[in-house]
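*Asks:* Here is how the chains run, residue by residue.
Number of protein chains: 8
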Amino acid sequence: MGSDIRALLAGVRDGSVSIEEAELQIRREPFVDMGFAKIDLHRKIRQGQAEVIYGAGKTAEQISGIITVMKARGQDRILITRLDPEKAETLRGNTDFEYFGQARIGLIGGMPEPDGLGTVIVATGGTSDIPVAEEAALTAEYCGNKVTRLYDVGVAGLHRLLSHSDELMSASVVIAIAGMEGALASVIGGLVDCPVIAVPTSVGYGASFHGIAALLSMLNSCASGVSVVNIDNGFGAGFLAGRINHPMRLS
Amino acid sequence: MGSDIRALLAGVRDGSVSIEEAELQIRREPFVDMGFAKIDLHRKIRQGQAEVIYGAGKTAEQISGIITVMKARGQDRILITRLDPEKAETLRGNTDFEYFGQARIGLIGGMPEPDGLGTVIVATGGTSDIPVAEEAALTAEYCGNKVTRLYDVGVAGLHRLLSHSDELMSASVVIAIAGMEGALASVIGGLVDCPVIAVPTSVGYGASFHGIAALLSMLNSCASGVSVVNIDNGFGAGFLAGRINHPMRLS
Amino acid sequence: MGSDIRALLAGVRDGSVSIEEAELQIRREPFVDMGFAKIDLHRKIRQGQAEVIYGAGKTAEQISGIITVMKARGQDRILITRLDPEKAETLRGNTDFEYFGQARIGLIGGMPEPDGLGTVIVATGGTSDIPVAEEAALTAEYCGNKVTRLYDVGVAGLHRLLSHSDELMSASVVIAIAGMEGALASVIGGLVDCPVIAVPTSVGYGASFHGIAALLSMLNSCASGVSVVNIDNGFGAGFLAGRINHPMRLS
Amino acid sequence: MGSDIRALLAGVRDGSVSIEEAELQIRREPFVDMGFAKIDLHRKIRQGQAEVIYGAGKTAEQISGIITVMKARGQDRILITRLDPEKAETLRGNTDFEYFGQARIGLIGGMPEPDGLGTVIVATGGTSDIPVAEEAALTAEYCGNKVTRLYDVGVAGLHRLLSHSDELMSASVVIAIAGMEGALASVIGGLVDCPVIAVPTSVGYGASFHGIAALLSMLNSCASGVSVVNIDNGFGAGFLAGRINHPMRLS
Amino acid sequence: MGSDIRALLAGVRDGSVSIEEAELQIRREPFVDMGFAKIDLHRKIRQGQAEVIYGAGKTAEQISGIITVMKARGQDRILITRLDPEKAETLRGNTDFEYFGQARIGLIGGMPEPDGLGTVIVATGGTSDIPVAEEAALTAEYCGNKVTRLYDVGVAGLHRLLSHSDELMSASVVIAIAGMEGALASVIGGLVDCPVIAVPTSVGYGASFHGIAALLSMLNSCASGVSVVNIDNGFGAGFLAGRINHPMRLS
Amino acid sequence: MGSDIRALLAGVRDGSVSIEEAELQIRREPFVDMGFAKIDLHRKIRQGQAEVIYGAGKTAEQISGIITVMKARGQDRILITRLDPEKAETLRGNTDFEYFGQARIGLIGGMPEPDGLGTVIVATGGTSDIPVAEEAALTAEYCGNKVTRLYDVGVAGLHRLLSHSDELMSASVVIAIAGMEGALASVIGGLVDCPVIAVPTSVGYGASFHGIAALLSMLNSCASGVSVVNIDNGFGAGFLAGRINHPMRLS
Amino acid sequence: MGSDIRALLAGVRDGSVSIEEAELQIRREPFVDMGFAKIDLHRKIRQGQAEVIYGAGKTAEQISGIITVMKARGQDRILITRLDPEKAETLRGNTDFEYFGQARIGLIGGMPEPDGLGTVIVATGGTSDIPVAEEAALTAEYCGNKVTRLYDVGVAGLHRLLSHSDELMSASVVIAIAGMEGALASVIGGLVDCPVIAVPTSVGYGASFHGIAALLSMLNSCASGVSVVNIDNGFGAGFLAGRINHPMRLS
Amino acid sequence: MGSDIRALLAGVRDGSVSIEEAELQIRREPFVDMGFAKIDLHRKIRQGQAEVIYGAGKTAEQISGIITVMKARGQDRILITRLDPEKAETLRGNTDFEYFGQARIGLIGGMPEPDGLGTVIVATGGTSDIPVAEEAALTAEYCGNKVTRLYDVGVAGLHRLLSHSDELMSASVVIAIAGMEGALASVIGGLVDCPVIAVPTSVGYGASFHGIAALLSMLNSCASGVSVVNIDNGFGAGFLAGRINHPMRLS
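Protein chains in written order, with our numbering: chain Z, 1 to 251; chain H, 1 to 251; chain Y, 1 to 251; chain L, 1 to 251; chain X, 1 to 251; chain G, 1 to 251; chain A, 1 to 251; chain B, 1 to 251.
The shape of chain Z in the complex, shown without the other chains:
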């Protein structure tokens, strides 16, 4: 950002930019104000990532409007999360639109080629955790990562998990997704030496309290190298995995 300000100030000194305009420019932020939403068009540059639309709590019209603005400004690949099938239906007009029902994800512009450091593994404790896992996996793919899925490898049948030890130990990030008691994160955390992102899910009943049991379990993991995102937050885990798997962007 420093160079922008410097250029602007140079313009002020040589008179090509008025003081008033410069002040305005410094204050003016690079987003489009649509009233109900302020679309951030510089984030790609500033944070090295394309914009993602969080679909929950937005109407189909609002989502559609945001897409139109984004496309007009040159954004050709867009991910929409938490997108209900009904809302997805209204977006079919976009020629390059795909919908992933289990993950409730919409995609415009297709997936990019993977360009990350290694592989992201997405593992689940059970079958019921798959929707969250798919949200994580698709997000990671959208962020340019190669993804391996290991589903239904919960700790009550350890051999199912241990049979994949080699894959686990060669991953660059593991996303461990589980409801109920959430022990998967700790067990994987003890097996691998890469970062583990734990995602508690709301799968379970009774004293699972819609994911609290798994959340607390994961926060208290006795294994090192484990961090946690919100309950059912597959997107957050996939996005973060992408960042960890792209350390070169930092230089």
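It is worth saying that the hints were derived from the structure and are not from the lab.
Treat the numbers as computed from the prediction; the structure is a model and nothing was measured.
C-beta atoms are modelled at their ideal positions from N, C-alpha and C, and glycine is treated no differently.
What you were told as hints is all true, and nothing was included just to trick you.
Quick list of simulated restraints, FRET-style, between CB atoms:
(1) A:Ser165 - G:Ser18: 23 to 31 Å
(2) G:Phe100 - X:Gln102: 26 to 34 Å
(3) X:Gln102 - Z:Thr90: 38 to 46 Å
(4) H:Asp84 - X:Phe100: 51 to 59 Å
Keeping the supplied structure of chain Z fixed, place chains H, Y, L, X, G, A and B upon it in accordance with the hints.
*Replies:* Okay, now just chains H, Y, L, X, G, A and B, sitting in the frame of chain Z:
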């Protein structure tokens, strides 16, 4: 209890027992009322188990008084749980008194010979769980069980646990004791085919919430055959293990 | 498991098995990977119990697929828990399929003969707890146990419970199921000398908090010999009761 | 209150009271303002009860000051609850002062003669609940009630409670005090036909959560006729029992 | 109960009753076992109150069956609480059946004449609390009490409450019903000198947490003489008020 | 209130008002009792504010009845909050009725001219918070305030908020509305020197716990000058902002 | 802030300020970095308020260091909150230092003259709430407000509060401080037409949960115009009251 | 692990290792069993990290014993976390022992040279968060990372944080540490494009609930790329940052 009543009624019929006395007898309960406590002297017969004194919330004088009454009535083996060292000091006068500091358990009359069906395994996730584990192990021994201790076998280093697979798989009951995320119970539950008693401990900090994380984790165990007792309740686990390991008493 | 490894190693020594293949074999776990689920076919051998399908969070197609694989591998008796009536309807094609609506349990292959040590008693505090109780009772029967049902014997009318004292005192396990204040477990725990498995239910309103009141009450039972499973977890209680009632399997 | 206002207005009409003074009088409330406390001297008249000093959160000096004012105004019998032994020591100067250590209650002016309708029974689940029970019992006695104490009659040994059935069934109010699972209130509630006041105590550990388990249990009592006061609130229970036992005061 | 046992024992002595039969009689409890429910027919005698059917969690068929048995045994006045309009419809066949929609209460046999000591006041903080209040009021009327309703007198407009001071101060019991912050109970508790039964309701939103805010507020009432029942438990409050208002039954 | 009482007392002195009538007058409160509701007609005078109808928990008939009474007594501007579209439909008969669907607010009599000290800013973290924001904004306008809306200025894109620094710093009150982590209130609190009213919303999922995360975050704001209202309580915030923005009414 | 930037830019245009220096100036923030703390010296200008030191979690040395820097920069009036008596002792060297023990507040430079619009009333429910109230009152005085203290006016004795109606109704802000059930805020909220700041305190026991009961009660206040700060946050309430009472600063 | 097994199998084939011994070897895990602890000596190889001793819940003797064993096995650099000053004193005998009091960390063998990809920034909201921050910073340094500390940059004074924008934007990982409302993580998350590890601290009072407010706030961060560790878990954050900053170890 049926035969007692029958004998009493026979006495009434043959006149050797008056109606009033019989009524009194039926109502009169088999305990000694000390004001602050009602000592149950028939429990040994009724429930096949010697009396245990829960030391917390009782003064040294109260505990001492209860012991005196019990001994006078022929109870020669007594376990006192949650016994502070200070209170234990005041009981040293009992010649056959032993104190187990780590478990905060006092014992009068020594341990019995094991006469249970198999072995009770007491496993802990970490070193800090040992006080609760010792309470469980000593209680189980007091109830006539052979006990094997497996300490510090938490899931973050699975190989420590798996190296004891044979012992685990030949136990008749396993007591799985862990704080933090409490995943030990689920992992053991998936390895063995005997009942597993899970004991959450208050070991941990922050979001362990003094054992709530482990408690919820254990209640939500995805492994079958696991049940749970109160946080830090080593006594309850040891006692229950003894019952499970003595099925013959039922016949 | 020891002998398998030994045989394999013998094959390695005599050259009939290559090192690479042996390594693979040791790592390869005995389950069928269906993508969305990994079916454990050795559990019957390893844990002395047939596979049970947890129906919640699985589609009718997934359940159907798992059944097909199991049957193909010789599993002729299958229990499906948490099975909605709609999903049950799609399983009617299996000739030996039965559906228990109140318990939401599906059964393939009929119930086995009871071969346990004694009787499992399933007691409830009220009428509303019966669905959970039936899940427990049917599971226990599926695991080879004789079951006695005592419904609506809550502590607000103690005489209803006390009139069954003889049955209670001759049971080998009691499953105590109650919502609201969950006091049933403590009262039964004080009457019997066999293990008591307490199941809190979500029956109640207001400060019952969907079963939390009963759960906490049961965890704090002042009676010894009581352990607790998850809220509404009839299956877990029935399964554990079966293990306790079959101690001979251990030898 | 009606007649006071009427007299005042009569005074206004006949000119013996100025309008300003009458307005002041109507607004002026019958209490002594000591800055840190406003002592209510009319409560005895208005609510038929002597003033009680809640000792917690007040310094010894503040308590002493309040007593002095009360006595000066003719209040000769005063109860001080939650009074630490140290503060009690500073009140020894009052010649008619008594201190009940277990209940942490101070009393000035001695106990009145009982003049209530029947007997108030104070029952506890265990020995550790006695301090709360004594607070309840002494308060009830201070409010003019005959009190019977039944301590250590918890539901894990039902016969201890049932042996007192006759006393329970002839009480006019029962105060049921218990920590841990708090089942005592429900069981007593099912036995008697008088109001039952349940007092959860903070006795217990782990998932008793300092009385929450007992509190929830009691709020969800399946027995009718049970109401609940705050955790450890022996005073509140004793006071309310006194009101219930003195219905004649209402006429 | 004493005289029954005595008569029985006399029969045993004179040979008119066999020992076996007497034993059976002592054990046999006075209820009808319908499988899904055990109907208590002696409660009226034992507890001086007619049976009430808790409708929630029972099917229309179960409720209907219980009514049939009760009527056959001479119970001619029955209250059914938590009765959905749909279930109520199926009970229209009973000629003397009335349904109170707001309170979700069904009544068979009409209301009795009030025979209590004084008046029960049912007060609510707002309009939305009326359904719970009607449950309380109708229950109290069913238990033989005269009831006065004071609705929408919440503390945010104190004058609405204070305008009824005279009625409040002459009541024998006040039931204070409020959601949101539940302050009504404390304010009334400070005005009256009769017992106050506080009923928190689930009225409110956000941090009212379905009645928890009101529940906690009421449990912590700084006014003496207040006790609390479960959230939305209008029945429990009405029933208890009836007991307090009928102290003569005790003699 | 003082002058009313004074006038009345003067009337008593000069005999134009009888003592009985005066007493009645003093006690009689200025509201209309409709049974299900007590409408406060003097609040406008007493609290300088028109009556608002809280629509939740009231039937369309009840709301309609209250409006009729209010209008008959001269209240020509009425706000109805938490008004469902269905209920709103039934109020269309009122000629001057408007309905704001997003805010679920009904309005009779139109908005007044703003007459407050400065501008009230209503800011939201995201698009999903807009319904709560509109409730706040419309309420503030109804109370005579000029309102500026700043929507979707959450802290994850600080520049969107900072671009409005000038507006924020010249406001007389800021209402900061956010779900999820609720950080908006703290950040705004650090930027402005006017009072900030924080409104947590139930927007979010998982560990947002329906607004608890935002509520706690806001209560713990490290910025000074921030206070909090209930989750989703847009009305409360708008009303309070109006009071702060009208300090002249106090004189 | 606008004019500063403008001046700077003018300097750049006329060459008196280099581009590099201007950029630095824009970025450089007006605080002193002491390593463990960054002292904000411009806040007085930016937010119209002197700096306050939050003493909790800072060592006496750290506090002393901050005071030295502040004084060196011309800050001659400093408030230190949450200051333990021990730490206060070490600050006695400052000649103009005062310590208010009950409020745990230190003050350097004395109190300013009140220059606010009206009076701030600080009211408490009981005597135990006074420490929090004094923190609020002293903070408000420090911020230039006239303060009236009304202590021990809890709702259980309404007349104590109502006797101060006139004062309450002429206040410009009321701070309502209460523990236990926290009803004071609602009752005051219904009496006054100025903003009410509610402060829950941790005073109470059992189900007060260290202030949660009062907090929830206040958040759910049925009175309008009430907002809430953190438990025991007297400082926050006093500071906010000062802002509300100084609306002229905005122009 | 693969090559070890392969070597062993090769030994079996050529007869240098017996089958029995090989089986034993495979099962035998590479740790030293000290009874109270099982020290993992292969973790360095297996997970690329030296062993760390978690000091809480271990006695000084236990810690000392573990150090002795580790050193004997060639471990020359050891970190001990949660080490009380008293226990630290007993370790002074180790010549190369250092103690960091604020962080409660003990170090044997000195810090290694940084060899990570970039810089780890450790930022705190306030001064009171520094102990947790130092635990994180020292751990990260121990794991071979260059660390920059930014303390007291909380969001209530945004300019303090924004003045470090350049440093933040060039970090490879940021650890955001805050108590109270925990907003720091979201604000930083919106500024940077590297992974952010959020650490809630128990700093705060009242409704901070010992870190729960910050924990929930961080879990609900509206910024992407943020994950969370346990309350006060500086070690976990520092360790994980090290893993993220050393992606090359994966290849």
